[in-house]
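**Q** Residues per chain, in single letters:
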Amino acid sequence: MSVQVNERAEPEPATSETPLIRVHGLRKFFPITRGILFQKRVGDVHAVDGVDLEVFKGETVGLVGETGCGKSTLARVIMRLYEATEGTVEFEGQDITHVKGKDLRELRREMQMIFQDPFASLNPRKTVGSIVGTPFRLHGTVPRNKVKGEVQQLMELVGLNPEHYNRYPHEFSGGQRQRIGVARSLALRPKLIVCDEPVSALDVSIQAQVLNLLEDLQEEFNLTYLFIAHDLSVVKHVSDRVAVMYLGKIVETAKGPTLYRTPKHPYTGALLSAVPIADPDLAAAKKRIILEGDVPSPIDPPSGCRFHPRCPNAQLPKCSDDEPQLERQSTGQLAACHFPLADRIIQTGNGDDSR
Amino acid sequence: MPEPLLEVKDLSVHFPTDDGLVKAVDGISFSVQPGETLGVVGESGSGKSVSFLTVMGLITRKQAQIEGEIIFQGQDLLMLPSDEMRTVQGAKLSMIFQDPMTSLHPYYKVGVQIGEAIRVHQKVSKQEAREQAIEMLRRVGIPRPDERADQYPHEFSGGMRQRAMIAMALSLNPDLLIADEPTTALDVTVQAQILDLIDRLREEFNAAVVIITHDLGVVAEHCDHIQVMYAGKIVEAGDRRDIYYNSHHPYTWGLLSSIPRMDETGDKERLVPIRGLPPSLIFPPPGCAFHPRCPHAFDKCSTDIPDLLPSDGHHASRCHLTLADKERIFKEEVLVRS
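Keeping their order, the protein sequence lines are chains H and B.
Our numbering puts the first residue of the first sequence at 1, with every later residue one more than the last.
Our numbering puts the first residue of the second sequence at 1, with every later residue one more than the last.
Source of the hints: derived by calculation from the structure; they are not laboratory data.
Remember, it's a predicted structure, so these values are computed and weren't measured experimentally.
Check each hint, because a few of them may be wrong.
Simulated DEER-style distance windows between Cβ atoms [stated by the list, open to error]: (1) H/A120 to B/E69: 54 to 60 Å; (2) H/A342 to B/D10: 54 to 60 Å; (3) B/H121 to H/G43: 40 to 46 Å; (4) B/E147 to H/Y168: 44 to 50 Å; (5) B/S302 to H/D216: 57 to 63 Å; (6) H/A342 to B/R86: 52 to 58 Å; (7) H/A120 to B/P16: 28 to 34 Å.
Below 35 Å or equal to it, Euclidean Cα-Cα: the simulated DSBU-like pairs (lysine-lysine) are [unchecked claim]: (8) B/K62 to B/K92; (9) H/K126 to H/K146; (10) H/K287 to H/K148; (11) B/K92 to H/K40; (12) H/K100 to H/K146; (13) H/K191 to H/K287; (14) B/K62 to H/K287; (15) B/K9 to B/K109; (16) B/K331 to H/K287.
All residues carry an ideal CB built from backbone N, CA and C; glycine is no exception.
Based on the provided sequences and hints, a complete structural model is requested.
**A** Structure (structure tokens):
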């Protein structure tokens, strides 16, 4: 499996295999209205603004970016929780952008989601058994009298004690709650699981347990993950490919190690240089790109390259007039930048010599 | 050795609850030198926040059974009457919290809130306090501070709010700034900005800083000394290099092995999580509190509580393994990953 993943890690335009998910020219705008009786549309929040993305079967694609870059919105449009403004989403070659009713219900079985906050995403008044069993009841995939057995099997699978079937979410720790969320998402044996910041609320030692669990489940059920996080080191660890988003657009996609060794987009470089490294010598040797200010407003995004007002390498007027497209770089990845980075951000550590 | 700014001696903070006594902090001793940055690392519930809330006087004998001494600039804060403690709080000892949204009052303008902190301690007019507040906002890198001072917290982004909190905390030029998970709620790029700001201001104001965090990466870049806490006790303390390149405690090893590393070159290396869950603080395990989760535990670990023993200089650890074993295991099992 891993060999296959490597070969298609940087998908060429002419790949023969149908991707599990194919997103093309996707836009999602949220209208801003004024007035109470006669609501007038005064503008749009450009949450996702022209995204192309392919996710292949069995791979993990990571999506990183700062708060407000549109990564969660993108995932929710793919999951059909939001209606796309423009563009298409295909699932196994079929256009699902506007499916409704019975077809949408069928589709829901194939795609599930794990949420960030294990305290908010589980109903505090239902027992674990009821929470994990709900998908079975809704979709009727398992006869009613078998639901309990199935739920207990799922609980065991994710490392929970099946005897805790009748407990309530508050009786579990953060890591265990996240396991409940994972069990629920697995109930219908989906093909795709969207993980929206699944470990950012957890302590590091527990975070590692959940990450390992997700890896094991992927192998066992041949799952495909779309993994969203703001922590570049977590994303890089779990993902075969990483897509970096900035202000509604993907600015770079690459294999994890490539992204780390030779980031091409200055924004990726800045993200990389901001990640704290638990190694004082490596941290001291790291090249720092400090970004000034905050992400600009997605209501009226900057002209040309959206990153140019914060970019240390921006050359005006090219960067403010001409919007760069995703282009293949010499190192293999796709990046949307007129003046891509040449240097490494993080120097080779002692570790590389000993390998 | 110079007089330490803060010296905590055998501090215990126990909360009586219906289920029993929660031993949140259980006999910790440490000191902070003027101008240094101390990193305090541990999981949720390890007692890292509780110990510094007690230092700040925000947990008092009304809520908890507190034992030990907290010597700050020569006086024991636990012995101070509350009105005298109030002259220390905010002025000499100052704290910033994890969530900048909930720690600023949503109804008041940011400038007014910072000014209020100044007016509590100094006899200045509202106008002067406002001017000082604007000056502080400027020093923490907020653009157009005179306009920003008249805005409400919801008009600030997360990073800006944390800057405003830092401005408030530093407005009275404190000698010790305690930052409790100052960047956990922020994006990495903003986190880097805030940590750099704290570093720069520490030099500018010549204050000592304590950074409380669960992220070993944050402390690697910004702290001189580090102490690792587990179940209310300090399990390892030392200089930065001791902790990262020559750690002597299995819990620290576990923390180091469970973080995904940016520099792993292989496709997917497996993380080594710490097995199990943090222990109950009401009924901590007998012996070493970490032994049920420790892969190197032996008989003695479940019966005897190890002492925090120094190995050299500042470096000390609370573990029954022999020094030779510790060094060997660290080299063979932890260092190979990095």
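**Q** A separate judgement is required for each hint: does it hold in the structure or not?
**A** Evaluated hints:
no.: 1; hint: H/A120 to B/E69: 54 to 60 Å; result: violated (41 Å)
no.: 2; hint: H/A342 to B/D10: 54 to 60 Å; result: holds (56 Å)
no.: 3; hint: B/H121 to H/G43: 40 to 46 Å; result: holds (45 Å)
no.: 4; hint: B/E147 to H/Y168: 44 to 50 Å; result: holds (49 Å)
no.: 5; hint: B/S302 to H/D216: 57 to 63 Å; result: violated (30 Å)
no.: 6; hint: H/A342 to B/R86: 52 to 58 Å; result: holds (56 Å)
no.: 7; hint: H/A120 to B/P16: 28 to 34 Å; result: holds (30 Å)
no.: 8; hint: B/K62 to B/K92; result: holds (23 Å)
no.: 9; hint: H/K126 to H/K146; result: holds (19 Å)
no.: 10; hint: H/K287 to H/K148; result: violated (54 Å)
no.: 11; hint: B/K92 to H/K40; result: violated (53 Å)
no.: 12; hint: H/K100 to H/K146; result: holds (30 Å)
no.: 13; hint: H/K191 to H/K287; result: violated (40 Å)
no.: 14; hint: B/K62 to H/K287; result: violated (49 Å)
no.: 15; hint: B/K9 to B/K109; result: violated (40 Å)
no.: 16; hint: B/K331 to H/K287; result: holds (28 Å)
When held up to the earlier numbered hints, the structure conflicts with 1, 5, 10, 11, 13, 14, 15 and fits the remainder.
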